[in-house]
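K.L.:
Single-letter residue listing:
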Amino acid sequence: MSSSNLKWRHVKAKGFRLLCTMVTWMGVVLLAVLLYHVTRQGLPWVDGQFLTSFPSRFPAKAGIKSALWGTVWLISLTAVISIPIGVAAAIYLEEYASKGKLSRFIEVNIANLAGVPSIVYGILGLVIFVRFMSLGRSVLAGSLTMSLLILPVIIITSREAIRAVPSSIRQAAYALGTTRWQVVRDQVLSSALPGMLTGVILALSRAIGETAPLIMIGALTYVAFTPEGPLDAFTALPIQIFNWASRPQAKFHQLAAGGIIVLLVVLLSMNALAILIRHRSERKNR
Amino acid sequence: MTTLSDNIFKTHKLTISYGSKPAVADVSFSVPRHRITAIIGPSGCGKSTLLRAFNRMNDFIPDVKMEGRILYLDQDIYGPNVDPVEIRKCIGMVFQKPNPFPKSIFKNVAWGPSINGYRGNIQELVEKSLQRAALWDEVSGRLEDSALALSGGQQQRLCIARALAMEPEVILMDEPCSALDPVSTARIEDLMGELKKRYTIVIVTHNMQQAARVSDLTGFFYQGELIEFGPTKQIFTKPQNKQTEDYITGRFG
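Respectively, the protein sequence lines represent chains A and B. Sequential numbering from 1 applies to the first sequence in our numbering. Sequential numbering from 287 applies to the second sequence in our numbering.
For the record, the hints were derived by calculation from the structure and aren't laboratory data. Accuracy of the hints is not assured; some may be wrong.
[Stated by the list, open to error] Residues from chain A shown here face chain B by an in silico Cβ test under 10 Å; the list is partial:
#1 L93
#2 A97
#3 S98
#4 K99
#5 S103
#6 P166
#7 S168
#8 I169
#9 A172
#10 S190
#11 S191
This one's a predicted model, so the numbers in the text were calculated from it and none came from an experiment. For every residue, glycine included, the Cβ atom is placed at its ideal position computed from N, Cα and C.
Let the hints inform the model, and build the full structure from the sequences given.
P.N.:
Structure representation (structure tokens):
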């Protein structure tokens, strides 16, 4: 009785393992198929001409220069705006704020904000940054909107990274006669940095692929120039891809695939950079 | 000759409570200079709370209320003009579990002094501190290695070196050997005998043999009250109080 029961338990264990393996591979296979299609369609189009030309109504002349530079501007500005604010907010909430009802209320609200659809942030950006602050359809307005969108994610992940630093480290640091800022700067942040970087990169990766809020605030779909400053109009990679994909001609669909490849390369290099920085800081701590 | 400043600490009717429940009740005693004072008692008797009051580490715990006074060199450390950061510079602490920073051995020792604007030769200070903590011979060739690669006993001696590097007057030790094996424990006990020539040590331990081996004075705590305080020899051979006798002879606790 008991041995047959054990056998059944082993069968269940194997079954579950099989299920998990299948589900994992399903994701990998789907991604591989998608990548294969995109590469097959788009790779022939990705060349120097594609990267250095502005969009055109002739597919052979069309390029992604303005969208690529728009995205670089957009993400750089978003990073400059959102990382300091997000990290500072996380530090305040974890290290300084008293853990009362108010901080609980703020915590719940930030968690909720992380789940708000991006189009809502687009509306907010349109009203506040584009209209009220009269920033127009500029890169700055786009970056501010994107910052709003990803701030909750940055704050939540940074808080978790800070919380994961054992309190024994803080105690040891305080016991040496150091101030709160010294402890946070030299001990807490350096231990929390890898986790915070992961969160920041995930958030920026979300921003780089967002289209809806940019359309909402009126980023242009046809731009034959690159932004020179934060107040210039701009377009971004996902908008350009969307624009090409929605045209009837098949060649523009291939251009869209080429755009996706460029977007993926930008994304992967950002991730690679984050992993590199994380490794270095971990090695320094080890 | 006993003057006031021969006593490093004096507590006067000290009561510390969490919420409404007192963890330390009406405690008065003195800690003499260059001696090892042990605080013994069963778990939860308030001895760690008392120890953490000496360098104001209880400040980080919300809802702690304190009455009475603690004098450090005749100065009230909870006085209105006292900066707890300054207090902690002179009163170092070693914790129950070894808690080195996840950095190199060198940085573990050098961080405290350098952040407090140490002006001397930091290399020499690190070497001296590690020597005093009896760790130098084991780590001299690998100061840049991570502190986390050391054994538990070495980590605890590194934590002692880290405290010594601040050149404190007092070292508070909160059950420093409870996470260590007997060999590492013996090394740290030997080290304490060395250290008391320069520093005043207050150690909390629930290991009575340890208190008997290393300390000069012993205070027995039970349920937040100081039951008996006196020379270690007397506490362990001729305790005046029935409860002390019951505890040290193993009848309870």
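K.L.:
Evaluate each hint against the coordinates.
P.N.:
Structure-based check of all given hints:
1. L93: 16 Å, violated
2. A97: Result: violated, 12 Å to nearest chain B Cβ.
3. S98: 8 Å, holds
4. K99: Status holds, d = 8 Å.
5. S103: 12 Å, violated
6. P166: 8 Å, holds
7. S168: 4 Å, holds
8. I169: 6 Å, holds
9. A172: 5 Å, holds
10. S190: With a closest approach of 8 Å, the S190(A) hint holds.
11. S191: 6 Å, holds
Of the numbered hints given earlier, the model fails hints 1, 2 and 5; all others are met.
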